[in-house]
Each structure stands twice: as C-alpha cells, then as structure tokens.
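2 protein chains.
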Amino acid sequence: MIGAIDIGGTKTMTAVLSDTGNIIESRYFPTTSRDWRKHFQETADTFLDCAKPYLHEISGVGINVPGMADSARGLLIYAPHQNWKNIPVADYFRNALSISKIKVENDVNSCAIGEIVFGGGGTDFLWITISTGNGGAIVSNGKLIRGSTHCAGEFGHLKVEYTNPRICSCGQLGCLESQSSGTAIGQIYREKLVQDSSLLAQTKQAEAKDPDFQRDARGLSILAEGGSESAQEIFHTAGRYLGRAISYGVNIANPRRVYLGGGVAKSLLLLLPGIREELEKNAVPGASEVEIMETKLGYHAALLGAGALVLQETI
Amino acid sequence: MIGAIDIGGTKTMTAVLSDTGNIIESRYFPTTSRDWRKHFQETADTFLDCAKPYLHEISGVGINVPGMADSARGLLIYAPHQNWKNIPVADYFRNALSISKIKVENDVNSCAIGEIVFGGGGTDFLWITISTGNGGAIVSNGKLIRGSTHCAGEFGHLKVEYTNPRICSCGQLGCLESQSSGTAIGQIYREKLVQDSSLLAQTKQAEAKDPDFQRDARGLSILAEGGSESAQEIFHTAGRYLGRAISYGVNIANPRRVYLGGGVAKSLLLLLPGIREELEKNAVPGASEVEIMETKLGYHAALLGAGALVLQETI
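Note that the protein sequences, when read in sequence, are chains E and C. For the first sequence, numbering that gives the first Met the number 0 begins at 0 and goes up steadily by one. For the second sequence, numbering that gives the first Met the number 0 begins at 0 and goes up steadily by one.
So that you can see chain E by itself, here it is in the shape it has in the complex:
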C-alpha cells in the first residue's frame, strides 16, 4: 500500500492507494492558506486521518507540489501561485507522518510517472495537461527529463502564435496557455458570443435545458458535441495551437506517444483534427507519426502519479 498527496493550486488531495493504483481511501480540502507550514500541517492531519487503518502497511508517500521541485533533495523550489520558495517538503512530511520514504515531484512530472506505472506505459512520451493552464513532462528512453534548473517540460509557455497573440498570465504573448488552455478556450467562447448570434442562441438553449450549464470550455464541449459548428471551430483552433506545441515537442524529443490529461483532454476528439493538421505541416515525417491519446489515468492522474513516485524510484 502507498500514500499519495497531491497539493494542487486550488485543492489538496490525500489518499491511500493499493500497489496496483486503486484508490482505497481519499480526503480532500481546498488549498487556501498561503502559509506553507499551516497548509502542510492540515495536509498531514488529513492524510493521517484517511490512512489511519493502513498506516503500518504503507511503504512510502509520494507528494506532488504545484511548481518546480528538486526531487533528488525533496524540495519545492518555487510555487508561483502560493509564492512558496525552497521548502523542505520531504523533511517536513517525514517528521509529520513518521514515514521514512517520502518522494516529492512536480505534479505534471508525477502524472508522467503515473502513466508509466499505472497508465498506458511507454518509455518515450510527452504528457501535456489541458486544464486551467497547460503543463508538460517528457519521458525519454524511460527517464524523466527534469532540466538543469528543474523546469523542463514548460509546454504551456511555448509560443504558438506570433501575429495575433493573446496575452498570457505569465505576461508574455502567444503562449500555448493563452491560446489553448481550458481557461483560454472558455474566454474565447465568451468573446465569440458577442459576435456570433447562433452560438449565443445555442448557449441560451443549453442554459434553459440545464441550469448548471457554464459558459466555459466544458460548456462549449457540450455545444460542440451537440453539433454546433461555431463551438467545433473554437476547439479546432485550440487543437491547431496544441498541434504546434506538440510539433516542437516531437521535433525535439521524438517521442512515440503524446498523452493528454486535464479536463479539456476529454474533448480529444474535438481537438484531434486540428492537432493532426498542424503536426502534418510542422513536424518532420519520422516524428509526426506520434500517437496522440488521452491519459489512461483518468481524473485522478495527479493523485495516482503521486503514488507512483513511491514505486518508480529509478526514473
């Protein structure tokens, strides 16, 4: 049995997993405190509460952090959203949980390791999230590429639009994250509503049918799947930007596969034509035949990834 903790930007999850990746127990709570000691204390308490019946069977705990991690030293280097810097995560939880084996990793890197251990597997792949933002990880020849300052795999800030770029939250222009994240897709949808009366009519119809309908990427996917050409076009464009970023990744790292995770990856069928269109134009022939697929880890990719850290040590 293994412990898994995913400290996310908005939510922190703790769980006990079987060695085959089944979630046995889990608890979660919002990541609200900016005081890391306070938040880590609550995390440790929540984990111990959910793991109590299994504590003596847990071989180790994997912990995801929402930022740059030095996994060799068990440190969180920098989490921009919380402004946490140089925090000894492994040491803290080793003490707080009285468990000696604690592994720490960036959350998207964990997803990639989780894919190896519990998901679709492979030795050469990219893992890209399409969620609030876009993150990425690269596994090459069975090894995670971490980079010289722990920030490899920054797919979200690859430039995919130079001429009519959107402003990214990082302050730069035309990053993948500004053109093709879940947040961006939702914004583009809402902007288009002003000028596209048929999309507006479809939206109002959906809202009348379902009071929980949201004018966001998820809502847009419902319209697209229902046949809205305007909605499909937004996903096609988002797919094209993803295809550009993926073309850089495949030309550089030549993976066999690309796994897409995060909420918007569920709309893979809507994105895929655009992705393939740009890959054809922009990737070298030997690299463009890469498989593109949704993660096999599902919604709990990051949590399963945290657990996988305990099992996959040599990566």
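The reader is advised that the hints may include incorrect statements.
Pairs of lysine-lysine, BS3-like flavour, derived with a Cα cap of 27 Å [unchecked claim]:
no., chain 1, residue 1, chain 2, residue 2
1, C, K280, E, K280
2, E, K84, E, K203
3, E, K280, C, K84
Just so you know, these hints were derived from the structure itself, not from any lab.
Once you've looked at the hints, dock chain C against the given chain E.
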C-alpha cells in the same frame, strides 16, 4: 589513440586522433558516390592509408553518418541526401578495418558528445549547427536524447515563422532551416541586393577589394563586421529566428547551455542580440538564462565528435 571518420553530405574525412583530441593525421575526399559500398570502400582505404603507422595503437573508430543512426546496432537508418537506407555501418567497417570497436552516430549527435569529451563540457545542453542546414542534439542529465525513432533534435525543422514563411528544402514552410541556415542567410542577402542599393554598393566595394568575396553568409558577415547596417539587420533577423527555436528547446529541455557550431556560428556576435531578444520574449524566466556560446571544438567539431564516440561509451 583513436580513429575518427566523418562521412558528410559533401565531404568525407578520416583521421587519427590522440586520446586528448589532437588531430595526428587526416585525409579527406568528396562524398560523390551514391553507391554506399563503393563510398565505404574508399573511406576504409583512405582511413587505413592515413592510420597505417598507428594501426596497432588505435583502440577504436568512431564514424559519423549524415542522417539517422541507430547507434546501439551500428546502423545508418536513413541518409536523405544519398538515399542510403538501413546500412550496417559498424559491421562493414569492423570487417574492412579489422578493428573490433566501431561506434556509429549521427553527425550532430557526435558533435554533442565531442563537446562533452573535448570541448566546453556539460551535462545539460543543446548543440545546434548553423551551416548549409540546421541540425541539433540535446544532452540532458549527461545523456544524449536520441528519440524513439532516432530523430530527436530536429531543430532545423522547428517552425519559427508562420505568417511570412520561406519554403524549406523539406517542402514545409517557415522551418528554422529556411529562415536562418547559412544557405537561407545567403539567399536573403542576394534577394536584398535587388532592393537595397547601399548593400549593393558595399558588396561591389568588397568584391573589388577581394576577388574571392562571395555573396553568401560568409561574405555578408564581412560586410556586417565592416559596419554595414543592412548586413547587420539580416543577421539580427536570423538571430531572432534562432532565438525562437532555442526558446522552444529551453522551455522543453531546460538546458544550462546552448552550443552553436557550423560556419555561421562564427558570426555569433552578430546573431546574439536577436537570439537574446526572442529568448526574453519567448522562454520562461527559469530557462531563458541559458548561456549561448560557440562550440569549443572549432572547425573540426564533427571529426572530433566521431573520435569522442570511442571514449564516451555510456552516453
């Protein structure tokens, strides 16, 4: 002592090197034959001729091929220019030279390995050629990234211009190689001569002074170094495109350093402002601080790289 063979697209070099990377003997001849057996026979004969006095001291021979290589099996997978496919390079030379230790690698990958062994060193870097075309290699955590189908590091075909792209020799549009190789810089120079009378006057002046002056990237660098603003502007633009490609590489692989090789890398000072300008705009802060420098291997980078293959086996 080690043997080094660089089978290039236009020229084949053979040499004997000291274990510290000094060239003791060398011979070269043009790569003209498309018949690989004929060309390999001539290569073996040329190597044996230059290595004769040292044969009993040579511990192994490293061989560069101008295309995709499967270094583990000693195969040339595909050399597009010669249309050579699936050639057992190591086996051939093991027999022809009666030397058991034969290593085979793609030429730019060899440059990267050469940089580790005989050059500026490092464990996390990109190596990018700016010559007839643009090639690249990635070393991460001390290991060469080869890719799932032996074609990682295709920096030459990263898309750096979507809006006003030039046509690349690969048939695609806006590849780095079409915007910023030595060939492209020469073409852009000659195109600009038609509309830029001061550049034309500077060119004619240079031709009058030096009958060997060529209207190519090398010639343009002489004008730029002599103060021509038109020439400097072409290098600035070429630098910006290189900066875009490097920004993809640093966001993805987060290297500590970028080595530039090939003839045009000698004009690094002319390229660097453009490179830095785009890195500032397009790379994430943690990755953009990468050092950019000319290879420490000089003109014989590929040949030294071939020799390095014999010494650096675990990469």
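Hints, verified against the model:
Distance check on the hinted pair: K280(C) and K280(E) sit about 24 Å apart at the alpha-carbon level, within 27 Å; holds. For the suggested pair K84(E) and K203(E), the alpha carbons sit about 45 Å apart, so the restraint of at most 27 Å is broken. Between K280(E) and K84(C) the alpha-carbon distance is near 24 Å, which keeps this suggested pair within the 27 Å criterion.
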